[in-house]
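**Student:** Read top to bottom, the protein sequences are chains A and B.
Letter by letter, the first sequence follows residues 1 to 252 of our numbering.
Letter by letter, the second sequence follows residues 1001 to 1309 of our numbering.
These aren't lab readings, by the way, just hints derived from the structure by calculation.
It cannot be assumed that every hint is accurate.
If you anchor each label on the Cβ, the simulated ranges turn out as follows [to be verified]:
id	chain 1	residue 1	chain 2	residue 2	range
1	B	Ala1036	A	Arg230	30 to 38 Å
2	B	Arg1236	A	Ala200	24 to 32 Å
3	A	Thr69	B	Ala1090	52 to 60 Å
4	B	His1093	A	Pro178	33 to 41 Å
5	B	His1096	A	Thr69	45 to 53 Å
6	B	Ala1218	A	Gly202	37 to 45 Å
7	A	Pro14	B	Asp1047	41 to 49 Å
8	B	Ala1090	A	Pro14	39 to 47 Å
9	B	Met1073	A	Thr69	27 to 35 Å
10	A	Thr69	B	Ala1305	52 to 60 Å
11	A	Leu231	B	Gly1159	55 to 63 Å
12	A	Glu153	B	Asp1057	21 to 29 Å
13	A	Val59	B	Pro1234	39 to 47 Å
Pulled a few chain B residues facing chain A out of the computed Cβ check, cut under 10 Å [stated by the list, open to error]:
id	residue
14	Ala1100
15	Val1139
16	Gln1193
Chain A stretches covered by chain B per the calculated footprint, using a threshold of three residues with CB under 8 Å from any CB of chain B [unchecked claim]:
id	segment
17	91–102
18	135–142
19	146–154
A virtual CB, placed ideally from N, CA and C, is assigned to each residue, including glycine.
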Amino acid sequence: MWLVLAQDHDADAPWIASGLRDRDDRPVAVVTGSTLVHDCRWEHRVSPRGATAASSRLVLGDGTVLDATTVDAVVNRLGWLGAEGFAGASARDREYATGELFALGLSWLESLGGRVVNRPAPTGLSGGWRRTAEWRSLARSLGLPTLPYDSDEPEAMADPGDDLVLVVDGQVVAAVAPARGGAPAVEPRVAEGLGALAGAAGADMLEVRLAASPDAGPAVRWASFQPNQRLYGDAGLDALHKALVARVEVGL
Amino acid sequence: MILLAGIPSEGALARVGEELDSLGLPVVWFDQRRAAASACGFRVDGDGLHGTLQAGDRSVRLEEVAAVYWRLMDDRLLPELKGLPADDPARVHCRHLHDAFVAWTNVTPARVVNRAGPMATNSSKPYQAQLIARAGFDVPETLVTNDPDLVREFVARHGRAVYKSISGVRSIVEEVGAEALARLDDIRWCPVQFQAYVEGVDVRVHVVGERVFATRVASDAADYRYAGVRDGVPARLEATRLSEEIEARCVDLTARLGLRFGGIDLRITPDERVVCFEVNPCPAYTYYEGNTGQPIARAVAHHLAGMAA
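If we strip away everything but chain B, and leave its shape as in the complex, we get (with noise of 0.2 Å):
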């Protein structure tokens, strides 16, 4: 049985349960919107790893659960608990079965895309970068600072320079203008991300065990996500191969991440360097393929069946 944990119209894992449909696989949806109307409760004994979730009308033996493909938005933020105070029952029971699930993934022998300490990788992106290097990648020139005139010299010395979260919070990549160097004073309070602008095109890579989708990017901005909204042009987006060694690289990064599928951000520069900027353990991958057509879901959905592709 595979389980699918999440919204369930939220467009990743709609297309992953769709593909699973279409390959008459059983699933079981845990829908964090019916939390009030679920439960999940494990043990650890003797008789090994052993428990039950309720899933809205539905009771399933987590013992039995071969794979698991989650993409769980905060609990907190659920709608059906707004306004409700910390220590209302709603949310004290939805924040339970979330932990409750959560560790049930870490532990369980099931085939879980992704546990949760890999994924972790990416609360700190110099972090990420460092082991992103160790895989024999280059990576953006950073400086993360809370000193202004080291800023300024770095600017300097790289002409161009964009700023972008630490962590993983999810942060539009902006260029260092006049605009944010007259308030650089500010990063004096928190320090802050600087990377050296790195000219090429962008590739955005897909890797689901050992397969592999890349998928090119054409747009001038800086942060091509949000192109259309802030410049007006939008991305275009195509399928694209890279070299047998670049793609052999990509995959034994998000092994060595431990990681099942990974969206990793690539640069080739105009002299052919390939520059990974980061790799994101939960890719909201529909956009790339309803760009493209490549079956990236069909890869997960494959995957988590245990299925060569």
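Excised from the complex, chain A in its bound form (with noise of 0.2 Å):
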């Protein structure tokens, strides 16, 4: 089975299983982060010692289990885990289970291995959530242009102008102009930097925001673990579904 993982509400997510399925006969099911909160049976173990010390089993409500015999590799959109659904318990209560459930759903993924595109990380299950600074200044010491960066710059600040260029697996697969229509190109030595950008931050798959920069063309202004999927169409499905071929193939 694909495993596509996503926050509720996300629209890309069914897109992206609609896509995996006209690409191959395998099962997908998409699965949100109210269903692995609220209607799940987890059974997650760590094992006394060993490289691969973790396993886990998860029993939907509709009966799928999650599992390394059942789940091929894994389109991973999830950014937390949060007990926001629990109406009833005090503010502190939430709070606390957050954090629980944040720190289960890292593990589990982390026991997943390398059949997860995009692996987790302490600060974000999809990929390590960076702030504006450490997104420009990572990029800037791998040689990419990036805008000058000020503290008092709101995070995650969009400019519509943006393009935005989507990276699997090290390689440039798509780029999109939203504002002004079409695919722009990326020159050689920017492609090859952001694939360098997106190992750096342990991205398999990574959308970098780049602005226009008035004296040095396109600069980095700040990347997403959860790329808008959709925007890349066919060209960035079927670098998804090659890069999930590829984790089966090399039998992560």
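Please dock the two separately framed chains into a single complex, following the hints provided.
**Tutor:** The structure is reproduced here in structure tokens:
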């Protein structure tokens, strides 16, 4: 099974699932954060020793089993697991439960190993969340042009004129200019740098937002582990499908 | 210049401050409780990373900071903000100040003890246990579940088991007894972490760079930190040495987690297995230092100063 993990109301998730069904016969399941929190029997184990110390078996309310024998690869768009649904609990208990659920989700996703696109990190379930300052510092350290950063700048500020570039497994696979339309060209030198940025961020799949820099062409604004997948159409889906198949072929 | 951030009277921070003073090194304090008189701003541009920290009545150029030791408390809980609504200007200023400061610690080339990203491995104990296992340590057999039947099987199989928080939230480790089993159905609401009880002697290992300080803890309590309060018999602490191989593994584990300073909780079993429970990325080491005389604060000060021990 291809497993697509997403936050509730992630409109890209069912679109991705549909596109994956079009590309092979493997079953596809979309599982949301709410399902994992409220409609799932969890069994997550860590063994006393060994490099592959953890295993999991999740049974969803509809009977779907998620474990190492049923899940071939995962499209991971989960940012967090939260306890917002525990409406009757106190705010303090909800905050505690949110921490517990995030901790469990992180350990579970880690136990799935290399079959997950994108792998989790302690600061984000689909990759290590970074502030704008960190994205630009990282990009700058890799030789990419970046916008200047000022700590008074709001986080994750976007501009409708930005170009968006999708990187999958280290390769730029699609670019879009939502405001202007069309597919902007990405210079080979920049494409190479964006691949390196994804690698340095530990991302199998990364959407990089490029701002028009008046003097030096496109410049990195920030990046996201949860791409606006529909913007990239078939090119993005083909790359994602290829990434999933590659993970099965190498037996991760 | 070395920057210390947090509450200056807090033990761990204060001790490092004393040691830095004794070394005659320039120190600047960012006192959270003086947030109203403080500000932090920086830029990343073609000239690199540069900015200013206004810490009370002192202004510091951030690019001159060579090392940072920070132990910030949750700024929402600062006494100075008590009773203020979320949108109060003082609270908004305080949040922005802390956010900018933490962002700076993540991008500065200074020696930071410890950066926020690596510290976050402790936000999930079973996640961190997987990393610990990869570093060659045994970890406690663990079950995280919301199925009471699985817990009953687990407890029956191991005889003794404990439960604790999954996340990094500090919780008192409790043994699973009749009272806990009687309310086991409550876990259906939210999964809980259970671990097989591990017999043996606790050893807390503080690693500072490549220096290792091991403390043996004698206590019969499931959680020795609360032995005095809960059982009336406080734990007894004494400095000890581990084998070179285990010490090297502790140094390696700390480095793998991206930490410059860590507190590793080990238990040595009767058959000499070394089981690692977790690595605390912000250890409150003074409890161990005060009971054993181990120069942990001095080692942290030396590390911040880039000095060999």
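**Student:** Where does the structure disagree with the numbered hints, that is, which hint numbers, in rising order?
**Tutor:** Per hint list: 1, 2, 9 violated.
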